[in-house]
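Student: Listed here are the chains, written in short residue letters.
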Amino acid sequence: MNAICLTLNGEELREQVEPREILADVLRDRLRLTGTHLGCEHGACGACTVTIDGVPARSCIVLAVMCDGKTVETIEGTRTDDIMNVIRRHFHEQHALQCGFCTPGMLMAARDIIARHQQPDEATVRRELSGQVCRCTGYMGIVAAIQSAAAELHPAAASAVCANS
Amino acid sequence: MAATTETKGWIGARLLRKEDARHLLGASTFTGDVRVPGLKDVAFVRSQFAHGLLNSVVKPDGLETSVFSAADFPDLKSIDGGPELPSFRTAPYHAFAREKVHFVGQIIAACLAPTRGAAEDIADQVYADIEPRPAVVDMVEALEPGAEILHEGFPDNAFIHATVSEGDIAAIAARAEVEMRRSFRMNRQATVSLEGRGVLAYWDHRLDELVVYLSTQGAHMMRIGLSLALGLPEHKLHVIAPDVGGGFGGKNRLMPEEVAVCAIALKTGQPVRWIEDRREHLIASVHCREHHYDLTLYAEKSGRILGLKGEVHIDAGAYSLWPSGPFMEASMAARNLPGPYQMQALHVETHTVATNKAPMGPYRGVARPGACYAIERAVDELAHKLGMEPADVRRINLVTPDQMPYRTIGGLRLDNGDYPRALDMVRDMVDLPAIRRRQAEGETDGRRIGVGFAVYTEQSGHGAAEWMKRKSRIVPGYESCTARVLPDGSMLLLVGIQNHGQGLETSLAQIAAHELTLDPAFISVRYGDTALTPFGFGTFASRSTVFSGGAVAKATRLVAEKARRIGAHLMQTEYEETRLEDGAVHGPSGKVPLAEIARAANVRQEFLPAGMSPLLEATATYEPEESGGFFSYGAHAVVVAVDPETGVTSLLDYAIAEDCGTMINPLIVDGQIIGGVAQGIGTALYEEIPYDPDGQPLATTFGDYMVPCAPELPKLRIAHLITPAHGTEYGVKGMGEGGAIAPPAAISNAVCDALHGLGVIIRETPLTPRRVSDAVAEAEERRAAVSLKEEVPA
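Chains A and B are the protein sequences, given in the same order.
In terms of UniProt numbering, the first sequence has 155 at position 155, counting the first letter as 1, and numbering is strictly consecutive.
In terms of UniProt numbering, the second sequence has 732 at position 732, counting the first letter as 1, and numbering is strictly consecutive.
What the hints contain is simulated information worked out from the structure, not anything from laboratory work.
Just so you know, these numbers come straight off a predicted model, no measurement behind them.
Every residue gets a Cβ at the ideal spot worked out from N, C-alpha and C, and that includes glycine.
Where hints are given, some of them may not hold.
Facing chain B, from chain A, some residues (calculated, C-beta under 8 Å) [as the list claims (entries may be wrong)]:
id, residue
1, C5
2, G39
3, H42
4, V133
Chain A extracted, bound-state conformation (with noise of 0.2 Å):
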């Protein structure tokens, strides 16, 4: 076993972990933070994504004993985060959600995307979800989602894109 100690959403936490326990396992199985889902187990699919030091990761393929002295972030840590409830509105409000169980990773992927672009264009965003699966919706209504959500977070990006259109 191992002792790690990390930051999780925002408070310490110390757990002592075998050298091949995975992040995803030590959050859902341990912390119960289950939040985080397991799509493939193999880095594809993205439902696992969490933060590492604010660098969105597949918590799938990362070992618990990597994460020592990191910051890391789930879905449950985002409760309170105003960006992401205003990318929860604009996914509930473009019906970017059918099953739900890629949801939690999508979001992760979204706040990112926003954060690095300020006026996404459609072909950036499809671009940018290209390692997250989503099953049910065919993608539109995420993309729509991220789109207005981004237009609504960098008012000023998009205004400075409708004068220059």
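Start from chain A and add chain B according to the hints.
Tutor: This is chain B only, laid out in the frame that chain A set:
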């Protein structure tokens, strides 16, 4: 009753979904999220051979009590399914393999440990002594003389041979000006819900029952199957389907893992679960699609189609899954082959074939994507043969509105709608003349442009008569609802249907809101729990809105009637003088809120009319009178750009015109269409589970099983025609599957249209870059061979 109910516009409202909030918070509960103290994980030992004799299973020393195989469960019943037909051959499908294994991934043993990782460590140490036999992997070759026979007592490898025949095909063949024979193949897929299957079972001592959390499309149905397999009476089985992360058909069959986990929980007395991983899903979950068509089309030179003769092979895999098996696949494929077209004769021989692959089950569209693909590709090839525009050939042959209801030569009753108009709409949406001009001009980047059309029908809401015709051992001819008004006037709808992404918590609440003039915010929909809801069959076959929506309408109307009787009593007026409006019963001189009526009915009986029984609730079942089904339909048009060098196909435009009758919630309808089309695009271009000659599956991760992602998919354009059904509540038709039916046909037609000038022939899905570029290379070789011959003087 409905006529006197004021509508607040809930039918047809784009109401945002009630079920979104928990998912958006990451606070939903899927089977894998359920925790029970002392829970143990199962890892299965699965066959690595496609076919072989299972001589023995050797458990690792000291771990014998943590490993389970067939020998540990001598009383477990096999779970074979299929129609009640003497001609259908059954082979027992045991949860744990006995004596033989028949596909890679079949369960041999189960290992139990506190974590999945530890259980897999044990599984690695279990030795299965298997003596390999030759594998049968091709459904056509499987029926050839000398083929290895999979199942004892089978004279050949077919589960069933059957013929669908109507009209005089010989007479049609004799007088047809054009005869065209073509073979088409749609390859094997998995259903790929993003949440895999999962099951958790434990004995609840207080309730004296086995509690089973199951990721399923129908908890009540699975209780029947589990009861049969386990020999446990149904009142000792409590099946709960919590949040279910997609199903698409794949969670509508009783599977061996589910029986095994329940059996282990019963045997050990411990809480046990199994959560499917993606590799298990791809090799051993419900497989689907794999059809082969050998068709001869008879037509006039004008393009009018006269008849269709052919042979259909269905690769059903090794076993027949409970309850329905693979039988419906063949009959549905054959009966849907004529599609929306007028024909005079049909003669199809079908063969449902056993192979050494995972068993086949339903997947969104069931059989119709294959049938639509075959007939629509054939129509395009006929058009090419006759030098006609494919859309024009369709226009000549489509059933017209004045012919409705129209009985197709396949025996399906198309009830209403305007099929030619749907085709015209998508033809205009993609601007066919403009595409033809662009094709004539050519592309500067070497790609080739193509346009493809497909018209489909989608049988929905079919009831008892249709399922009895199919000889189904379960007849899902109704759905049920208990509508319960609580003392404060808020409401529960307890429904036997399952919701796993279809938005039924919203659309069913809209129906109740419409009938009771309540705000949907005060209505909760509950489902997925055999202890909570009346019996229902679950969500499949585009049936939920027709059946469950109908049951909600009936139950809430009964509640409304009783509420008006109580209201009339309280206002000292006649029942006939009352009406429901704004959540209150109105009379000539005032109104009583439903909350007050509910309070009287539940806890203040002294305010009820004399002799009236208390409670404000009703249970109703619903089946439409016409149980042959109601047909949604639509036309798809797609524009593609194909790179002949790389074989990569890009979707430039995708237009849909569809008609599902009255829409309860157009937001949800569009979501179902878009999601269905995305899956159809997967069938057309990406998704495939190939097998090697030894029966080894070659797509076992998302690295080699390609599902469509955001960059590959276009923005779809959707137009609605609305022809309300006659004979369903509000005129609804089911529409959950339609989106997935037409894309393989439309996209294949578009790719073939793009490459037609190069002489390329592709009659198989998916149109992967490899398959397309190989076909282009073959066409080049054929042209080279022809030109060589021409250079040599005769």
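Student: Each hint needs a verdict: does it hold in this structure or not?
Tutor: Against the structure, the hints come out as follows:
no., hint, in the structure
1, C5, "violated, 23 Å"
2, G39, "holds, 5 Å"
3, H42, "holds, 6 Å"
4, V133, "holds, 6 Å"
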